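Chemist: Chain by chain, the residues run as shown.
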Amino acid sequence: MKRLLEIEFLKLFTYAGFWVPASFWAVLYVFCLFISTQININFPGLDSKTFFIFPNLWNTTTWLASWFNLLLAIMIMIFICNEFSFRTFRQHVIDGLSRNELFLAKVALMLVFAVAGVAFVIILTFVTGLFFNTSETWSQLFDTLYLPVVYFVQAFAYMSLAMMISLLLKNTAISIITFILYFFPIEPIIRNFFPDKILFFFPMKVISNLTPAPDVFHISTQTQFYTTINGQVTNSEPAVVPFNIPLWENTLVALGYIAIFLTISWYVLKKKKL
Amino acid sequence: MTAEILHIENISKHYGAVEALNNLSLSVSGGQVFGILGPNGSGKTTTLSIVMGIIYPDCGNYLWFNNTQNNNNKKRIGSLIESPNFYPYLTAQQNLTITAKIKEISSSDIERVLKITGLYERRNYRFDSFSLGMKQRLALAAVLLGDPEVLVLDEPANGLDPQGIADIREIIRNQATLGKTIILASHILDEVEKVCTHVAILKKGKLIKSGKVHELLSANEQIFLSSDRNTELFEFLVRAGVCKNVTTIEKGILVEVQQPFDSSYINKLAFENGFMLNTIETRTQSLEEQFLKLMKK
Chain H
1 MKRLLEIEFL KLFTYAGFWV PASFWAVLYV FCLFISTQIN INFPGLDSKT FFIFPNLWNT
61 TTWLASWFNL LLAIMIMIFI CNEFSFRTFR QHVIDGLSRN ELFLAKVALM LVFAVAGVAF
121 VIILTFVTGL FFNTSETWSQ LFDTLYLPVV YFVQAFAYMS LAMMISLLLK NTAISIITFI
181 LYFFPIEPII RNFFPDKILF FFPMKVISNL TPAPDVFHIS TQTQFYTTIN GQVTNSEPAV
241 VPFNIPLWEN TLVALGYIAI FLTISWYVLK KKKL
Chain E
1 MTAEILHIEN ISKHYGAVEA LNNLSLSVSG GQVFGILGPN GSGKTTTLSI VMGIIYPDCG
61 NYLWFNNTQN NNNKKRIGSL IESPNFYPYL TAQQNLTITA KIKEISSSDI ERVLKITGLY
121 ERRNYRFDSF SLGMKQRLAL AAVLLGDPEV LVLDEPANGL DPQGIADIRE IIRNQATLGK
181 TIILASHILD EVEKVCTHVA ILKKGKLIKS GKVHELLSAN EQIFLSSDRN TELFEFLVRA
241 GVCKNVTTIE KGILVEVQQP FDSSYINKLA FENGFMLNTI ETRTQSLEEQ FLKLMKK
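Protein chains in written order, with our numbering: chain H, 1 to 274; chain E, 1 to 297.
Rather than coming from a laboratory, the hints here were simulated on the basis of the structure.
Take the hints with a grain of salt, since some may be wrong.
As the list claims (entries may be wrong) - With beta-carbon atoms standing in for the labels, derived distance ranges:
1) H/Val27 with E/Asn10: 58 to 68 angstroms
2) E/Ala17 with H/Val149: 45 to 55 angstroms
3) E/Leu178 with H/Val20: 18 to 28 angstroms
Just so it is clear, the structure is predicted and the values come from calculations on it, not from any experiment.
Heads up, the beta-carbon is just placed ideally off N, CA and C, and yes, glycines get one too.
Please put together the full structure from these sequences, using the hints given.
Modeler: Next up, the structure:
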């Protein structure tokens, strides 16, 4: 695995197609987070600084980071489609890599991107936390620490879908357009035809729900929040967000989608002419 | 006995309705320079792509080094199939570093292969700045990385100028003298005749001829004869039935003899039947002439 990652890094580090989207990701994220800290919401009972106090801060930073997951997916689509257009997948097999190794190399790269994304989110959360938290609120640091983990699952899920699309289509532009169109409007339109019970299990819905927007209502009232799914009233997790389905369930479904995307990708890579 | 390097057994491959290979069987032994000949679409590249694992055959199988198929076999092979495939934004050196990592060999060998292929001075230039000939040389450098036992080359002289072609031929010859097994697909017949010891000729996915190059050439030797009575000599030779083919050409007669008859037998036969030959000379058909003849059949 180490050798496979070394090979992937050799391809990346001098490539503008990596540095440009990666820099955009980091700069835009920092920029948006900074802007959000400067916004004052004039709403009765709500102090906008509450979004930057633990444990709410994790929700804010992971939600903001999720806006830019598309860039991670685009990077993966560029790299994989490049391998087809440069015919380097084919050359790697000729030189001695197995098709399984080609697959594992890309999965390892996606894991590295997801870990790097999470690390960046954690660093920015701590830096932001320094400006807004007191010793009392720092003690709530660990209350929602599962959110960066969920963000990791989300980033990896988007990249897995991107990998599957690019292995099926083999063309960078067509893959990116397909991914974006599926994200919006194809899946939202399809979801309209299904009842609530089903629409929450569509891939993009499941993946995007992993990092929902900070719950303004709950933060402002600091009361227990209730959600209704198909007529059933359920008690949501305290201090976070109005999940459509419980977060753990949503995460499990997302992991299931990841397994499906990766299995299809592996099968396509195994069977297709390179 | 030399070890068998590659064994291909009854491989067939279809692309839709097109039959690319039909029950192809071949065997390549250690130390051979094995040429695979055929016109465009005859199945040369498909054969090499199958044995290098890029495409799967519909049926049949192949075996490298008498081993079961595994990727460690490929680390003993250097291969160039069709066109050079590298990352355009990386330099020659960086591209070869990736190849070295895949083959699990030391990067120190890169300098050696760049020198052999004459690219050492250009090692820090990006691949997309290279001419077609330089790209081909870089591909050859990648093939030579790690000093593999077997070289598989598909049209290695593609896009090269005459000097480049001569250089590639020289490299192939040098590798052959080092005892390397070389499998070379080409439609430049002159090239194959000059460097190969063995040859297989494909037509529409079928093997139509294979064997040692010199046997193939001598099997169809032609003898040019002339005497003062060419017309009578021609009729006599046709009647004698020792020749496969007798044709009258300008100032003489061209005959293709059947084995085991040769030029001295023809000379003796003509003399005993009252013909004094003014000229008798053996003419070997070039591989190109033989190839074209086979393609017409």
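Chemist: Hint by hint, say whether it matches the structure.
Modeler: Now the hints, each set against the structure:
For H/Val27 and E/Asn10, the hinted distance range of 58 to 68 angstroms is satisfied, since their beta carbons lie about 59 angstroms from each other. Distance hint check for E/Ala17 and H/Val149: the Cβ-Cβ separation is about 53 angstroms, which falls inside the suggested range of 45 to 55 angstroms. For the pair E/Leu178 and H/Val20, the supplied restraint of 18 to 28 angstroms is violated, since their beta-carbon distance comes to about 46 angstroms.
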